Structures are given as structure tokens and as C-alpha cells.
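S.K.: As they're listed, the protein sequences go chains A and B.
Using the numbering used here, the first residue of the first sequence is number 1, and each one after it goes up by one.
Using the numbering used here, the first residue of the second sequence is number 1, and each one after it goes up by one.
I should point out that these hints are in silico values taken from the structure, not numbers from a laboratory.
There could be a bad hint or two in this list.
Where chain A lies over chain B, by a calculated footprint (3+ residues, C-beta under 8 angstroms) [unchecked claim]:
hint	stretch
1	6 to 15
2	93 to 99
3	131 to 142
In this text, all values refer to a predicted model and were calculated from it rather than measured experimentally.
For each residue, glycine too, the CB sits at the ideal point set by N, CA and C.
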Amino acid sequence: MKAGNMRLSTQLRLGLGAVLVITCVLSAIAWLSMQRAWQKTETLYQHPFQTERAVNTARLSVWAMRVNMRDFLLLEKNADRQAVLADMAANQADVIKYLDVLYKTYLGPRSDIDAVRSEFQEWVSIREGTLRLLKAGKLSEARRRHVPGGLAPKQALKMLAAMRKISGFAGARADQLYREARELQAELLLRLALFFAAILLMSAWASYQMHRAIIMPLREMNQELERRQAETRGLIGELEAEIRVRKKVQEEERRIAGLLLQEKERLKMAQTAARAGLWDWDLASGKLEWTSELFQLLGREESAGATFEAWLSSIHPDDRERALAVTKRAAEAGTALSNEYRLALAGGEQRWIAVVGDVLHDPAGKPCRMSGICIDITERKKAEEAVRASEERFRQLFETMSEGFATHELICDRQGRPADYRFLDVNPAFENLTGLKRADIIGKTVLQVLPGTERSWIENYGRVALTGERLHMENFSGALGRQYEVNAFRISPGRFAVSFMDVTERKRAEAEIRALNAGLEQKVRARTAELTAVNQELNEFTSSVAHDLRAPLRHVAGFAKLLEEAAGAGLGKEARHYLDVIGAGTGRMGELIDHLLGFARMSRGALTPVKTDLGALVRETVQQLSGTAGRDIEWVIGALPAVTGDAGLLRQVLVNLLENAVKYTAKKDTARIEVSARSEGGETIVAVRDNGAGFDMKYVEKLFKVFQRLHSEEEFQGVGIGLANVKRIITRHGGRVWAEGAEGGGAVFYFSLPEQGQAEVQPVESQGGTEK
Amino acid sequence: MKLKHILLAEDNSNDIELTLAAFKASNLANPVDVVRDGAEALDYLYTRGKYAGRADGNPVVVLVDIKMPKVDGLEVLRQIKADARLALTPVVVLTSSREESDLVRSYKSGANAFVVKPVNFEEFSKTIRQMAIFWALINEAPPEP
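With the rest of the complex left out, here is chain A:
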């Protein structure tokens, strides 16, 4: 391809070079021809005119000179003659000048011009002779020379004739030149025609060459290319088809591989799930194959390989002989295998396997191969064992239970209504409780055994047997004369079981207890009424005592004071002290009495239980106490619930407890009092915790008693009735109070309130007589 290209370009270059050279040569020839034609034409064009003009001008000048001469001859004055002479000299110069021009332009022979010149010279010399004659004063002679037919005109005619010759030649020459020019034109045309013909020829040749050198190879190349393309396309198509086929094959292979893997995986999963392993035994070669699950099942290493001996040794020694015999028989007789064996596993673990297999025969009918599956059936064995044990237990229970137990079959009438039932089985307790003997009643119906059986029994049991609804009832059997507590349930449709107890005795005892209880309740009511009355009396007594104690006390205090005033300045220091002591004593006693009265009041008033928000009560109380405490106390108030109780009394409880907490933290730098509540066992338990003086748990019992104090009056003021009040109020609400503490380690006071209002409703005087 490359060599061809080179050749082609060289050819092209050579061809184009040749065309260029030829074109240049032809152009040059044409150019020269044109040049010549042009010159010829120029000459042709200019020659007659130049010649004519020169001749005519010269002729005119000659003519003018003749006129000049005549004038000269006619004129007298010297000055005029001089002017004519000058003009004549100019004309003469013109003649000479045009003769010189003719020399240059005239194409004819020079002799023609020379002839004219010599004639002219002759003419001039005649004129000069005349001049000389004139000068010599021979005027008439001079004039004669110039009259027509004189010397001068004759000479002039001669000169003019010579000139005409030149004109004639010029005309003839012009014709000739025209002809020549026509010839040249014809020649030029011919040459041009030749030139164009040559150009055309060359173009044609060049085109042909070009066609041959470029187009044809190109066309061939194109054809070749197309052919090759077609070929390539064909090849590509084939290749694509091939690729498609291969892809399909690959996909199929992959799919099959996937399926195989899946199958394998599935098989593996199935084996794992079923705790099973597969085996295959070539009887001829003795070659045994196990799946890895089987190795695992038998507790053997896969690397140890599968052998019949290995299998046999995996079987429990007690089963080994049987396994060997069975397998041998199967291999010889070609019968299918299905046996269960225990395994001998490391660690003494007891497992069971089932071996199932079949035998393949060769064309001769001889067993050649066995294959099958080993399945771990331990769980099934265990379940079977459990069922057996359960049945055993049930049987024991059945035999030994104290309740009577019987299974029955329902008998229905034509309308499908329960009509009777048959005894299927009864336990020993049944015999004891009913006095019926098992042997006498099994297979018989209840109406056969006890014709007096009430319809209600049959109907109730019928419902159990038909609907599956359980039955629990107490019923009296008139037929047996006993009261029974009965449970009945359906075993299967139409059959039911009955367990029962003879409750005749228990019933009797219950009735007795009920009677006793009724009496007891009556007594309790009476006693309670008594106690309430006594309590009331006691309260009234307390109130009355407190009330009556106040009057004398006031008197003592009052008169002591009056005494002090009456004595005035006369009273000694000591006496004044005594009076002070009396004053203080009475004051304190008054206080005690007030509290005692308060306490008595607390015990008496009716409770008006309402829903009370403990949180709000605590917050109000804390606000009051914070105002009066006169120091910073850190209050921690938890979430407190609403309770049911007497709002006024509960407020009193909180006031007492919180006042106590404030009081006993007085000596602490940072008092901290915490109120919290929790719900426990149907009670709301409220705790008031402080970090104050605390108390000795030894004396905890005294805390809630009237006028009992664990601290001296000097240490902490108080009368010792607040906590007694708390206890009384909470007790009346059906709650409890208790406390925990340590000396110097703070104290916690708890009270509980029932979440369902269980507060007492105590009769008060104004509501008296409501009790009957």
C-alpha cells in the first residue's frame, strides 16, 4: 500500500510538472506572436499617417517659402523684406525637420528622401541666387526667375514630384502592411487554436491520468474496503452470536451451580435441623461414605474416616450385637433397614439414633449397595419417656387421690338431649365416697345403678359433655343422701370426667361456724357500743376536769399578782421570786390544761372525710412555719398525693410534725426538713425527715404518749402532746404512726393513711340515737 502511494504521488507530480512546462512554452509562443502582431499593426496603423503628414507639412512649408519669395520680390521696403526672409528661414527649417522625420519613419528606400532633399537643396540654391541678383539690383532678372515657367517654379515642381513619390509609396506600403497584418492575425488565431487544442488535449490526458492514477485506485480501494467491511461485519456477527451463546451457557452454569449450592445448603440445613446424617455403603468394595452431619452425630472426627467398625463402635455396647446382626442380615438378604440404637458417646451422654436404609441390587439381583439416613431421636425418646412417666404419675394419682374420680360417656335420647350416662372408669376414692363397687358399675348407666338420680345431675353433665364448658358446683345427691362438691370437664366430645368430694361434713361444720360467728358479731357490737359509751364518758370527764382545773388556777395566778401589786415596794426580793415561781407554775399548768383540752377535743369531734391535697396542706404549713422560724431551713417537698380525710385534723397533724421538725433542728447550722410520700400495700405513707436533735430509739414507744417528752423543757420547749394528737388523729383515720431516729442524728416521723377511706365514723352527741 505504501509503495503504491509513492508511485501514485510521483506520477501525479510528473504529470502536473509536464502540464505546467507545456503550458508555459505555449504561452510564451502565443505571447511572442501577439507581440509581433501588435508591432505590425502599430506600424500598419502609423506609417501612412506619419508619412503623409511629414510630406504634406514639408509641402506646405515649401509652398510658404514660394509665397515668401514672391512677397520678397514684391516688397520694396527693406524692413519688410527682412521679416519675409526670417519667415522664410523658419519655413526652410520646417522642411528640413520633416525630411528628417521622414528619415526615421519612412519605410521606403532612403533614396526617395535624398531625392527630395537634393531637389530642395537645388531649390534653395536657386532662391539664394535670386537673392544675390536682388542684392546686385537686378530686380527684373530676379523676378523672371520666379514667374511660372521660371527656374524656381520648375525646380519646385521637381521637388514636389519627388515628394509625391514618397506619398505614393506610403499608400502602397499601407496596403501591403494591411495584408501582412491580416496574415499575422490568421497565424495568431491558428496558433491560439493550436494552443487551446493542446491545453484541452493535455487536460484530457491529465484527467485521464488522474482518473487512472487516483480515482480508479480509489474506487478499487473503496470496493475493497466495502468488501472487507462486509467481511468484518459478518465476523463480528458471528462473534456476537458466539458470545451470546457462551454467556447463556455461563448463566446456566451459574444457575445450576447456585441450585446445587442451594440444594447442598438445604440438605445440610435439613440434616442439621433433623439432627440427621446420610450414609452410603458400597457392599462390593466396602467403601463407606458419611456426611459431616453423621460424623457429628456419632461424635467422631471427620478426618478419621468412615468405616463400618467405627460405626459399630459408636453404638452402645448393649445394642452393638443386635446392630451387627441386623445389618448383616440386611446386607445379605437385601432387605430394608429400620432400627433404633443407643449411642456410646464420650462423657457418658445417652443419645438415641434411628437408622433407616435400603439396599440396591445389581442386574444379577445381588445386593450391591446400601444407603440411608441416621436420625437423632433422643428428644422423641425423652418425650416418650416423659409421657410414660406422666401416665404413670397420673395412674398413681388416680389410684391414690382422695377425691372421687370417674370418667363417663353421655347417653342422649332421640332429640339429642342428655338422658343418661355410662360409667367408664372410677378410682378407689370413688368407691369409698359413694359406697359403690367398681366391678358392679363399670359399663352400666347411672340410672341403672342409682335409679333415683336427679335429672339436674344428668343435665349439668350433659352440658359439659356437649359444650365442653367446665362445671363446678355443689349439689346434693338424694340418691346417695350426701352433699358433693363437683368439678366436671370434657375429655372428648360425648365423654366427660368428674372429680368430687363429699362435703357433707364440711357443710355441717360451716353452718356451725356461721352460727357462732353471728353470736360473736352480736357480742362484739354490744361490747363496741359499751366501749364507745365509756370512751365518750372519759372524754367528757377529761374535758370537764380540764375545764374545772382552769378556774382555781386562774385564781392562784390572779391573786398572786394582786398580792404582788398590793405589797408593792414592800415586797422582799425573795418573796417576789416566790410570786414569780407561782406565776410561771400557773402559766405552765394553764398551758398543759389547754393542750389536754385540745387533745380531748381531737378525740371527740366527728370526722368529716373529704378529698384532701396533702401537697397543698404541706406547702401552706411550710409557708407559715418559714415565716416564724426566723432562720433558713432547707425544705425538700416531694410529690404528695391527695388523700381522703378530715382536712382540719390532717392540717393539725402536719402542723405538729413540721413544727416538731423545725423545733428540733433549731440548734443545727443548716436545718433540712424533707416531706415525702409513697404508696405501699394500699396505704399512703408520709414521712417527715429532719436532721435535728433526733432521739434514742430506746424511748421510741414514749414518743406518741400524752405528756411524754424525750427532751427537757430547757432544751426544747413543749408540753409533749403534739405527737399524741398526731397519733390520735391518724388512728382515727384508720392509719398508723411510727418514728425512727438516733440521738443527734435526726428523726423521721411516719404516718400512713388507708388509700380507701376507712376512717371511723364515730357517733357524736348531736347525732346520737342513730344506732339501733
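On the provided structure of chain A, position chain B as indicated by the hints.
M.R.: Then chain B, alone, in the frame of chain A:
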């Protein structure tokens, strides 16, 4: 204008003495008449028996103790308030201790005030003084019937 009387109904002589001492200390000019039980109080108010012919009109205030022989303070109160001629006379129940039932009954019967006698004499004295000043001086007495 003639000063109106104050009636004190009190059975205990010690209390009478102490009350009078307190009145004295209060520098109150109104005369204090003392009766020793409820019956006598009623006689005084109705100007009968021992008090027949008494012409100083209704007292400016009646101070009555609850526990008294014969007719007790609450009964006296009830009778006063039930009688059109006496009903407007202010009655103050004086008692040794604040007993809720007494309090309720007193007010229900129309008591104008209920005052507990403090044990401490200074406080007692102060209480009596304030009460006397209020009823005798500050309070406008009802018009005579």
C-alpha cells in the same frame, strides 16, 4: 348623762374579785353590778324580786359565766334574746375554757361575744379591760325600748 351599768353574772367569788380588780385597773367609770347566779341575773334584768324598782335601765353589757347554779349562763342568754325588751342588750359569754359545743350553743343563742378568761392575771386583766372599754365606750348601745 348618767353612766350605764355593767352587769356581771358570776357565781365564783374569787372570779368576781379578780374581775372587779381588772375593771378597777381599767379606770372605767361605769358601775359594775354583780349577780351570783342566773336566776338573780334574770331578776335584775326584769327588775323583779330583789331588784324590783331598779330604775337605771338595761345594762350597757351583760357579762355572763356559763357555769352557774340554778339557771346557767346559756339559759340566761336565751331568755334575754327571747325577750323583746332585752333582746338588743349585748351579752358577752365569759368562760373558763373554750369548749366548742359551748361556743356553738352560745352563738346560736344570740351571744354578742364569747370570751375565754386567761389563766395568767395580766392577760386576764387586759382582756377584761379591752372588753369593758369596747362595750362601754366604743360600742354604741342600742336605744332604750
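S.K.: Run every hint past the structure and note whether it holds.
M.R.: Cross-check of the supplied hints:
1. 6 to 15: The restraint on the stretch 6 to 15 of chain B holds, since 3 of its residues have a Cβ under 8 angstroms from chain A and three suffice.
2. 93 to 99: holds (count 4)
3. 131 to 142: Violated, because only 0 residues of the stretch 131 to 142 of chain B bring their Cβ atoms closer than 8 angstroms to Cβ atoms of chain A.
Hint check: a violation occurs at hint 3 only; the rest are consistent with the structure.
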